[in-house]
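Residue numbering for the sequence shown follows our numbering, starting at 538 and increasing by one per position.
Source of the hints: derived by calculation from the structure; they are not laboratory data.
There may be inaccurate statements among the hints.
Straight line, CA to CA, 27 Å or less: simulated DSS-like cross-link-like pairs of lysine-lysine [stated by the list, open to error]: (1) K750 <-> K740; (2) K678 <-> K595; (3) K633 <-> K595; (4) K705 <-> K740; (5) K678 <-> K740; (6) K836 <-> K826; (7) K826 <-> K724; (8) K724 <-> K740; (9) K750 <-> K633; (10) K678 <-> K633; (11) K595 <-> K740; (12) K750 <-> K705; (13) K633 <-> K826; (14) K826 <-> K705; (15) K595 <-> K724; (16) K724 <-> K705; (17) K595 <-> K750.
Just so it is clear, the structure is predicted and the values come from calculations on it, not from any experiment.
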Amino acid sequence: MRHAIKVALMLVAAPLLGADAQSAANPVRRFVTVDTGVNIETLDFGGAGRPIVFLPGKAVAADSRNVIDFVRALRTTYHVYSMTRRGFAPSSIPRKGYGSDRLADDVLAVLDSLGLQRPVLIGHSMAGGELSSIGSRFPSKVAGLIYLDAGYRYALYDTIIGDFQIAKNEAYRHLSQLLFAPPRDQKLLIPTILDADLPALIKLLEARRELLKVSKTAPPTPGGAPLAYEQPFNLDDALITGRQRYTHIDAPVLAIYASPHSARANQGTDSLSIKISEASEAQIEPQIKAFERQVPKAKVVRLPNADHFVYRSNEDDVLREIRAFVATLPP
């Protein structure tokens, strides 16, 4: 019923919108309420064919120049939508709700409001967390997931190497739930804490202790910021502490990586910046192999010397892979 009303309103408004209302540079904009006091900006770029929803990375506007250029190419084959996640204007910026599952629930609420049935989700960078949340919890809601340099630890937890921040987040979240859970729920939480959270955290703490023994300078403080109640709201901290552990993805997947990344003009040239960059780059291939190992049916593509904004630096390659992947999906 809600979808029917929405369609009727769009038909009535069509003459007012004009023929070019859904051009890539002039999308139809609306807001969807996904939670109490939380409204999400959505953009309908138009186009014909299978619905595609593009989720930009951190601090990238849904209608930025880079997105518009990419959307213009996509909409020749697909009907393209995008959205701006909570925390970034003009969507609402609440103080809470930045766990990956909550952000993914926002995406699902938008899909429902737009009446989209099993679209393909394309996510860049941090949007990988939202893709993996949906792909592990509600894979039937989507036809496929496409990761654009987005399949990092916030999107897939390497069960061999682990990740201190995510292990800490999960342990803290479950311990917090335990404080207020009824006995029935405690019976489920306690084994999770004892058998999964604490062993992972202990393993990572021991590895960090050994690193500190041989390191002349202390590594960056793990886990980033203090807990939210100890400081004013900070979006970066909220997003980091909202990362969750995903170890499997059940929907069809295409994962495109920039590997190795191209050298950036704005990259620091001092020795510390170079070491940090080299250390970060060294973690990429092991993460790609973890993705291949833990999501064996995924199609994984490496684009050498591509930029992190891989849909900008290697647009032709990305479009070719997307079209080939989408063509394999059931109608």
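Outcome of the hint check:
Among the hinted pairs, K750 with K740 is consistent with the structure: their alpha-carbon atoms are about 16 Å apart, no more than 27 Å. Distance check on the hinted pair: K678 and K595 sit about 24 Å apart at the alpha-carbon level, within 27 Å; holds. Proximity of K633 to K595 is assessed by CA-CA distance (about 17 Å); at most 27 Å being required, the pair is judged to hold. Between K705 and K740 the CA atoms are separated by roughly 12 Å; this keeps the pair inside 27 Å, and the hint holds.
At roughly 35 Å between alpha-carbon atoms, K678 and K740 are farther apart than 27 Å, so this suggested pair is violated. Among the hinted pairs, K836 with K826 is consistent with the structure: their alpha-carbon atoms are about 12 Å apart, no more than 27 Å. Between K826 and K724, the direct Cα distance comes to roughly 35 Å. Violation of the 27 Å bound is thereby established for this hinted pair. About 24 Å separates the Cα atoms of K724 and K740, which keeps this hinted pair within 27 Å; it holds.
With a C-alpha separation of about 37 Å, the suggested pairing of K750 with K633 is violated against the 27 Å cut-off. A C-alpha spacing of about 25 Å is found between K678 and K633, which places the hinted pair at or below 27 Å, so the restraint holds. Note on K595 and K740: the hinted pairing is violated, with a Cα-Cα distance of about 30 Å set against a maximum of 27 Å. Between K750 and K705 the CA atoms are separated by roughly 22 Å; this keeps the pair inside 27 Å, and the hint holds.
A hinted pair counts as satisfied when its Cα atoms are at most 27 Å apart, and K633 with K826 does not qualify at roughly 34 Å. For the hint pairing K826 with K705, the CA-to-CA distance comes to about 23 Å; that is within 27 Å, so the pair holds. At most 27 Å may separate the alpha-carbon atoms for a hinted pair to count; K595 and K724 exceed this at roughly 37 Å. Under the criterion of a C-alpha separation no larger than 27 Å, the hint pairing K724 with K705 is consistent with the structure, at around 21 Å.
At roughly 35 Å between alpha-carbon atoms, K595 and K750 are farther apart than 27 Å, so this suggested pair is violated.
Going down the numbered hints, you'll see the structure goes against 5, 7, 9, 11, 13, 15 and 17, while the others check out.
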